[in-house]
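Going down the list, the protein sequences come from chains A and B.
Going by UniProt numbering, the first residue of the first sequence is number 1, and it counts up by one from there.
Going by UniProt numbering, the first residue of the second sequence is number 1, and it counts up by one from there.
Do not take every clue at face value.
You can't tell identical chains apart in this list, so a pair holds if it fits in one copy or across any two.
Claimed, not checked - Okay, derived cross-link-like pairs now, EDC-like style, lysine to aspartate or glutamate, Cα gap no bigger than 20 angstroms in a straight line:
#, residue 1, residue 2
1, Lys643, Asp266
2, Lys471, Glu687
3, Lys65, Glu301
4, Lys537, Glu495
5, Lys253, Glu544
6, Lys249, Asp662
7, Lys253, Glu359
8, Lys253, Glu659
9, Lys643, Asp608
10, Lys559, Glu495
11, Lys433, Asp395
12, Lys253, Asp572
13, Lys537, Asp606
14, Lys567, Glu68
15, Lys471, Asp691
Please keep in mind that the hints were generated in silico from the structure rather than gathered at the bench.
Here is how the chains run, residue by residue.
Number of protein chains: 2
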Amino acid sequence: MSTGISWVRRSLIALLLLFLILVLHYNLNIPEFFNCSGSSGLSCARRKLGSFLQSHISKPKSNFKFKETPQCPHHPLDPLTIQEINQVRSILLSYKPFASFPAIQALYLDEPDKSQVLDWKPGDPLPPRKASVIALQNGQSHLLTVDLDLGRVTSHEVKSGSGYPPVSLEDINVALQVALSYPELNKSAIDRGMESSDLACFSPTGGWYGPGEEGRRILKVQCFSGRGSSNFWMRPVEGLTLTIDIDQKKVVKFSDTGRRIPVPEDTNTEYQYGSHIDPPKMQPLNPISMEQPNGPSFRVENGHIVKWANWAFHLKPDPRAGMIISRAMVQDSETGEFRSVMYKGFSSELFVPYMDPEEAWYFKTYMDAGEYGMGVTALPLVPLNDCPRYSYYMDGIFVTSDGKPYVQPNMICIFERYAGDVGWRHSELINYKIRESRPKITLVARMVSTIGNYDYIFDWEFQTDGIIRVKVILSGMLLLKGSPYQNISQVPNQEDMTGTLVSENVIGVVHDHFITFHLDMDVDDSNNTFVNVNLVKEETSPGESPRKSYFKAKRLVAKTEDDAKLKINLYDPSEYHVINPSRRSRLGNPSGYRLVPGGTAASLLDLDDPPQLRSAFTNNQIWVTPYNRTEQWAGGLLTSQSKGEDTLAVWSARNRPIENKDIVLWYTLGFHHIPCQEDFPVMPTVESSFDLKPVNFFERNPILGITPNFEQDLPVYGAAFSA
Amino acid sequence: MSTGISWVRRSLIALLLLFLILVLHYNLNIPEFFNCSGSSGLSCARRKLGSFLQSHISKPKSNFKFKETPQCPHHPLDPLTIQEINQVRSILLSYKPFASFPAIQALYLDEPDKSQVLDWKPGDPLPPRKASVIALQNGQSHLLTVDLDLGRVTSHEVKSGSGYPPVSLEDINVALQVALSYPELNKSAIDRGMESSDLACFSPTGGWYGPGEEGRRILKVQCFSGRGSSNFWMRPVEGLTLTIDIDQKKVVKFSDTGRRIPVPEDTNTEYQYGSHIDPPKMQPLNPISMEQPNGPSFRVENGHIVKWANWAFHLKPDPRAGMIISRAMVQDSETGEFRSVMYKGFSSELFVPYMDPEEAWYFKTYMDAGEYGMGVTALPLVPLNDCPRYSYYMDGIFVTSDGKPYVQPNMICIFERYAGDVGWRHSELINYKIRESRPKITLVARMVSTIGNYDYIFDWEFQTDGIIRVKVILSGMLLLKGSPYQNISQVPNQEDMTGTLVSENVIGVVHDHFITFHLDMDVDDSNNTFVNVNLVKEETSPGESPRKSYFKAKRLVAKTEDDAKLKINLYDPSEYHVINPSRRSRLGNPSGYRLVPGGTAASLLDLDDPPQLRSAFTNNQIWVTPYNRTEQWAGGLLTSQSKGEDTLAVWSARNRPIENKDIVLWYTLGFHHIPCQEDFPVMPTVESSFDLKPVNFFERNPILGITPNFEQDLPVYGAAFSA
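With the rest of the complex left out, here is chain A:
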């Protein structure tokens, strides 16, 4: 599952204290004393944030900087800086249409028009810096654009229609506070044999299920037992659901159906290091690590431009997408020209429906990016464990609901990888005694969103052969359902279970994860064409061949959006190419990149089921749309409680022309998850991936000429080791 999580004890005093601590924490991270000299950013000073990392690693022999956070923007796509966010806040504070300061639900860079970004060269002044603000006041959503150069609000739209902004930490605190003050909740806890101070509650979003909950902002609250173990997720107080009107600050529905179901014990739920968990029975492992005595080979310029081997791209934290890769360019292996591959790539939405129609479960159909944000939930990475030695860490700068900036340290890491894999190889058997093999070394940008119980690791891996591999890796905690049973033999009808008994009195409910990626491919230029290279069986004519059948690759050019709404089918296979019809190789093949799906899953829900309507972008695995700067979020800009009026499926229903246009490719990577006992009390990682792969983009194998590994090139140990 996936939620904005909070843990709040009964005491309001404690809650207030907590809030104060948070505010203090944010302020501590916000230096107010420096100033950028205008939007060009040329005379910006920089400061170094966080030296704690350097005390954690053996410093290699290099001048590599493991962290450097710029004060000022240096690139049109650089995220808003602390100073810029403060400036936006100042502008809003004096913005007349708001009687009082609104709740800031989202605040991020309003990216310049694509043409401006494409035209911009280092040294040029930056295009005007603007902020997009999504604010709430009196239950209404306000979309504002703040121009930082002009120092004023330049557009202001009040949204009607369905959908609300992402929930804020403040919203979550309100929901929890209202719930914990609700007498019936405490009464139920006591009736179940708990103390009310044991309650650890979280506030999942409720989706949209018809008119009953429309017209007001809603969060659900459900609770666990937090006594005796830090892993409260394993101890649901089943069937207890409060529906909270966040703006009215009141309980609008209280449902208590699970009193017969015991709260599971805390036995074997702990997972923190040092908490007396038996080590597994296995031979211990000797130390192993990826070592780089001369330091990493990549560099990060001005905080966001990553350069490595034949790749250059802009990388930034984003409150909603988590991590955005922009302007990805690969060097032509022969000319050295940096050639465009992708203008922008990011995870646009994450749809997580649970498969249980009961009162306490039906609404668990999360859209995590739009409801919570994949970036604001990306907590600091754990050095040496989440990321290896020699990782570079990047901070996120986000905004509280009162409009103040705060720093999320070490939110993204970047590292090189050598895993013993092969880039290419060939042997010849007899008198050509050829034994040629080349190592594969890659660059990874990683972030982990922890959306309540689940941890989503996102890897963007860049290979020297031109491939970008995008990997999603799941870990964290199951969302568990309390159960009266301790053994499946006690279950009257096992067919009726909506999940697996994963420990005594808890069921891991079956669910899905769908991650929809926005891939604004610009292969060699913005005007591209999507080609469905369909493998079609052919029968030979009588007498033509001893073979009866074979298949051909038929190139179906997608002229309009409908041509590119595709479901993957093992027995009607295709390759999915984005080509530049104007750029051809010396042989006349169009330059292209293909999407290569890996293992995946499709949504099985009814197309007219409310969660599927809202997440209709998962109706196909592949979509292609014409570029439109407002079409970034597959589930719509205002996703919470939306009815699905602003999704990719709705935009794409217009069936616009897409041939030889600036196009965006959308791909949804899916997982079905039937939990098992191994997932308790924390899940070993599960992964899936897709590739963006050059296809006739290079004239030939771009890594033909790389050198093999030789002993003398590898790290050399000094006296202490070789002795």
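Start from chain A and add chain B according to the hints.
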């Protein structure tokens, strides 16, 4: 494509010389001076083979031995030793029914009955050692069993029916010799402007296409230009095909259709290091390697038993399968008990059909394991490039057609991997400031089969969480078709091309790769049940829930083979469980392992097309059969020119009971390959994989208690480095 490759110049003197060198090479590798004391192997001495590796690596501070090849068998499944092979040869030399020594096409351990292997304990005498021999004489296939303890042939069957044994190096030499002595071949070469000494030929198998070629052993011969570049594969002499009767040593068909098509130039075809290839335009990379100052954590006992972390398994080279994993057992994380997972796992067949019905191409529908052998084509691995530092290398011991043993050095490597990945993790947001993450370390067993042009890297990767990941990675050279065109604009009808123009005058023909794995799962014991856990959409009743739909996991127990013939379907998804119905967790869930497919492909050929009949085991992605010791090779024991009378599909048509029986799971991993220019002149690696994953096998996450990485546990550099 995939073939037994040879390169032979015109001169028969050179050929003879080559053969002598080979024989000399084999003899040099065969020590004759030692002796094993009977089948128990207890008093066996050992010798150390190949110290060259140690001169290639920085020796770590450990007693780890990077290679040790036992003289004598120590385990019932150990492959035949050099001495045992010599003993088999002696027995056959004096075996009366053969007037002269037959051609040995295959000679390998006849594995003891499964029950004997399961009953055997270290220290017990070995079960009787036996050899299986597949021999040819007077065009007939002979299947023999030689009992080494009894010192005689104990069974002898002459096969009629379709199918021949694997082709031998001798067969290939015969085919090439016959072809190169054929005047029309030389005439055609000269007519095409070549010198006949430029011809570099190979001898692909021809499959089976009706009665015309039945009743005799056939190889095709086709040629390339070997002048000026070692990469002759890039320079086809198109449309020139000889069909050779190997036993009659004569050309039975000569086809020469491509004289209009030029032989492609040698430009940009070279790939060997040092052959003046321009380095790619990219920033050079600093050295990076996986370092293990205390040496690897695994050990290899008696040459074949691999023990690492919580895993133990038997690993051996095999002439046909390449690499066989047997008796894979994982330690229970709580009790320490070694529990059975898989009795035997290996790649059983590799089907590679090309998609061109023309005379010179239609027959390219290889079955590489049965026609050539994945093991005899596994050439020595390249240290530091095919496998990282601290790899352990294992030799293969195979047999020439005159029955003599030879050593294929460094055929398999074993190494530990840390790639910066995460085993499990979780963070908590607010007052539980939890940041827990654990590194993922794995063990890889790797082999590379080079079947002519293609290189197949096989990885069996063992994870501490109980997962076995099986990965197939493709590289090597495309099989190219000559073309009159240098630019696709010259092609009159591009729709008719059977592939991509990948360089001037060469087309990369579209093809598939299907790798069928034999997975004899023994989950906790031999008696297992296959369960198709089908995800079935359910509609809610009116008023039951605000949700309209969800899905349930329905457990369909496969009672007979037909229940387990499965095609993967994204919109009718399943999990594929092999469970032990007799072993249940404390919660009552049956202990199981599941097959988790990754990206894959299915054969699109007609079911009654000859190549598909022969490879009917690819008609489904999944099959389950009852264990039968003769059903090892999905394409039949005698695969060459077979009609498909002895395939998995035929065995399984009997629809035998499989519930709660000793069962074998078969999975086919597929690739469609539409070549692109990046594949020229050598292909960057492409990979796919599947997992065998515990499902309610462990009571809980088996790696919950592993320790995080701490700085002080990682490699420490000495003075030379830290200075």
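Hint check results:
1. Taking the shortest Cα distances, Lys643 and Asp266 never come within 20 angstroms of each other, neither inside one copy (39 angstroms) nor across copies (62 angstroms).
2. In the homo-oligomer, the alpha carbons of Lys471 and Glu687 lie at most 20 angstroms apart both inside one protomer (7 angstroms) and across protomers (14 angstroms), since each shortest distance falls under that limit.
3. Proximity of Lys65 and Glu301 under a CA criterion of 20 angstroms is satisfied intra-copy only: 10 angstroms inside one chain copy versus 45 angstroms between copies.
4. Within a single copy, Lys537 and Glu495 get their C-alpha atoms only as close as 41 angstroms, which misses the 20 angstroms cut-off; across copies the closest is 13 angstroms, which meets it.
5. When the C-alpha separation of Lys253 and Glu544 is checked against a cutoff of 20 angstroms, the pair qualifies only between copies, where the shortest distance is 18 angstroms, while the shortest distance within a copy is 73 angstroms.
6. Taking identical chains as interchangeable, the C-alpha atoms of Lys249 and Asp662 are never at most 20 angstroms apart, the minima being 46 angstroms within one chain and 62 angstroms between chains.
7. Only within a single protomer do Lys253 and Glu359 lie at most 20 angstroms apart by alpha-carbon distance; the minimum there is 12 angstroms, versus 75 angstroms between protomers.
8. In this assembly of identical chains, the alpha carbons of Lys253 and Glu659 never lie at most 20 angstroms apart, being 51 angstroms within a copy and 50 angstroms across copies at closest.
9. For a Cα distance limit of 20 angstroms, the shortest separation of Lys643 from Asp608 inside one copy, 11 angstroms, qualifies, whereas the shortest one across copies, 50 angstroms, does not.
10. Proximity of Lys559 to Glu495 under the C-alpha cut-off of 20 angstroms is restricted to the inter-copy arrangement: shortest distance 19 angstroms between copies versus 47 angstroms within a copy.
11. In the homo-oligomer, the alpha carbons of Lys433 and Asp395 lie at most 20 angstroms apart only across protomers (18 angstroms), although the nearest pairing inside one protomer, at 51 angstroms, exceeds that limit.
12. For the homomeric pair Lys253 and Asp572, neither the shortest alpha-carbon distance inside one copy (49 angstroms) nor that between copies (37 angstroms) is at most 20 angstroms.
13. In this assembly of identical chains, the alpha carbons of Lys537 and Asp606 lie at most 20 angstroms apart only when taken from different copies (8 angstroms versus 32 angstroms within one copy).
14. In this assembly of identical chains, the alpha carbons of Lys567 and Glu68 never lie at most 20 angstroms apart, being 43 angstroms within a copy and 52 angstroms across copies at closest.
15. For the identical chains of this complex, Lys471 and Asp691 are neighbours both inside a copy (9 angstroms) and across copies (16 angstroms), given an alpha-carbon limit of 20 angstroms.
Checked against the numbered hints above, the structure violates hints 1, 6, 8, 12, 14; every other hint is satisfied.
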